[in-house]
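Engineer: These are the residues of each chain, in order.
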Amino acid sequence: MSTHKKKKVFIEGPISPDFIAESIAHHSVKTNIGAHSIFLGQVRADQIDGQKVKAIEYTTYRELAEDKFHEIREAAFEKFELVCMHIYHSLGVVPCGEMCLFVFTSSKHRKEAQDACNYIVERVKKEVAVWGKEIFENDSHTWKQNTV
Amino acid sequence: MSTHKKKKVFIEGPISPDFIAESIAHHSVKTNIGAHSIFLGQVRADQIDGQKVKAIEYTTYRELAEDKFHEIREAAFEKFELVCMHIYHSLGVVPCGEMCLFVFTSSKHRKEAQDACNYIVERVKKEVAVWGKEIFENDSHTWKQNTV
Amino acid sequence: MEINILAFGQIEEIIGKDSFTLSDVRDTEALKSKLSDLYPEMNRIPYSISVNKNIINGNHTLENGDEVALLPPFSGG
Amino acid sequence: MEINILAFGQIEEIIGKDSFTLSDVRDTEALKSKLSDLYPEMNRIPYSISVNKNIINGNHTLENGDEVALLPPFSGG
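Protein chains in written order, with my numbering: chain X, 3 to 150; chain E, 3 to 150; chain B, 577 to 653; chain P, 577 to 653.
I should point out that these hints are in silico values taken from the structure, not numbers from a laboratory. These numbers come from a predicted model, not from an experiment. Just so you know, nobody snuck in bad clues.
Cut-off 25 Å, straight-line C-alpha distance, at most; resulting in silico cross-link-like pairs (BS3-like, lysine-lysine):
1. E:Lys113 / E:Lys127
2. X:Lys7 / X:Lys32
3. X:Lys113 / E:Lys54
4. P:Lys629 / X:Lys10
5. X:Lys127 / E:Lys110
6. E:Lys8 / E:Lys110
A short, non-exhaustive set of chain E residues, derived as facing chain X with CB atoms under 8 Å:
7. Asp20
8. Asn34
9. Gly36
10. Ile40
11. Leu42
12. Cys98
13. Gly99
14. Val123
Backbone N, C-alpha and C define an ideal beta-carbon position, used for all residues, glycine too.
Work the whole structure out from these sequences, hints included.
Structural biologist: Structure below.
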């Protein structure tokens with residue numbers, strides 16, 4: 003079943019809008035694509051117990067995470083009629099207002115791209131061995147919790 | 003109810019990846035955003051009766067379309083907890099592989115942005131007075147039909 | 577009485593122009609039947625009609641100066 | 577017998593290092609109870625365990641040289 007190569011997912015620091023633009027531009031040669039669906043996770047300046055988050059620092063258990071990204075990728079190709087799929091996640095410090103997750107699915111018709119994108123985001127947040135440390139403006143921190 | 007200004011939706015020609023990147027970059031100051039959902043419609047090189055589509059030319063009944071875009075925008079703000087929403091649609095000729103529709107929703111948590119994005123794309127395709135003329139490589143044409 | 581008519585997309589192509597005027601059409605049913613006589617090809621297109629930028633359902637009385645648009649199925653996106 | 581242990585996120589913080597070795601832990605239940613004695617703070621974190629990069633359910637026998645990771649709840653994205 004495993005027909006797709008493992009791809010590079012992790013990016014040091016924030017994912018830039020230019021990187022996203024380039025990624026989109028690369029798809030203009032694939033003229034069987036009719037619809038792209040993109041999800042971007044952006045670091046929020048949450049207030050927690052009176053402290054304001056200024057950044058999140060991401061760490062991972064890399065081998066476990068990369069295996070899981072690959073598994074999610076394979077499952078999405080199996081489940082949805084996709085032409086293309088890309089997943090990028092930040093490691094290290096991502097300041098508020100910047101991007102930490104970029105999921106990009108492309109298909110002939112819109113529904114497949116949209117459903118696949120939602121499916122991947124859901125699984126990435128739940129199943130991938132990545133941890134976010136929320137760093138406050140006074141340099142204290144707390145551990146990010148994903149709502150289930 | 004109508005609390006938001008009418009916004010410019012139509013763009014002459016294709017929507018460029020750089021325009022999309024700029025649009026994303028503008029949101030880094032809104033640090034209450036945690037999730038962006040983006041839909042991009044890309045012109046496909048479909049084969050119809052042995053002819054290959056090389057571009058789509060879009061025309062509109064502008065006043066009717068702009069009223070409808072505004073109505074969809076208001077309805078989406080009403081229905082979903084959004085921080086931001088942008089809709090852009092091309093007019094004129096968009097070559098294969100280039101973008102003709104850009105829907106961009108932002109919210110605190112992912113589900114609202116994703117649901118709103120799907121909702122808007124659905125309504126735009128069904129309800130907005132825009133017509134696509136599919137131009138073939140031999141310069142003949144046919145009229146695009148949206149699947150319902 | 578004069579009605580201003582706008583034609584879009586495939587209907588503009590069939591009629592050969594994007595706007596024209598008609599007189600003596602008292603309602604949208606009369607307009608449709610007149611267009612069907614003038615342009616038989618229009619019978620195969622399930623178009624809608626707007627009057628003064630409101631899409632109408634059923635029959636609608638027309639008045640002097642009304643802007644009536646002939647709208648083939650939308651195909652944006 | 578020696579088990580290589582990796583600690584991540586909040587658990588790394590509690591233990592104060594990202595890797596260490598333990599001997600005389602025959603299975604993951606024994607490991608959990610040992611960690612709970614050494615680091616009582618770990619009792620309030622619902623962590624999972626992977627053995628040689630496979631997340632395990634229930635108890636799992638450990639062998640010399642196994643790589644065991646202590647995984648607090650994931651919070652990527």
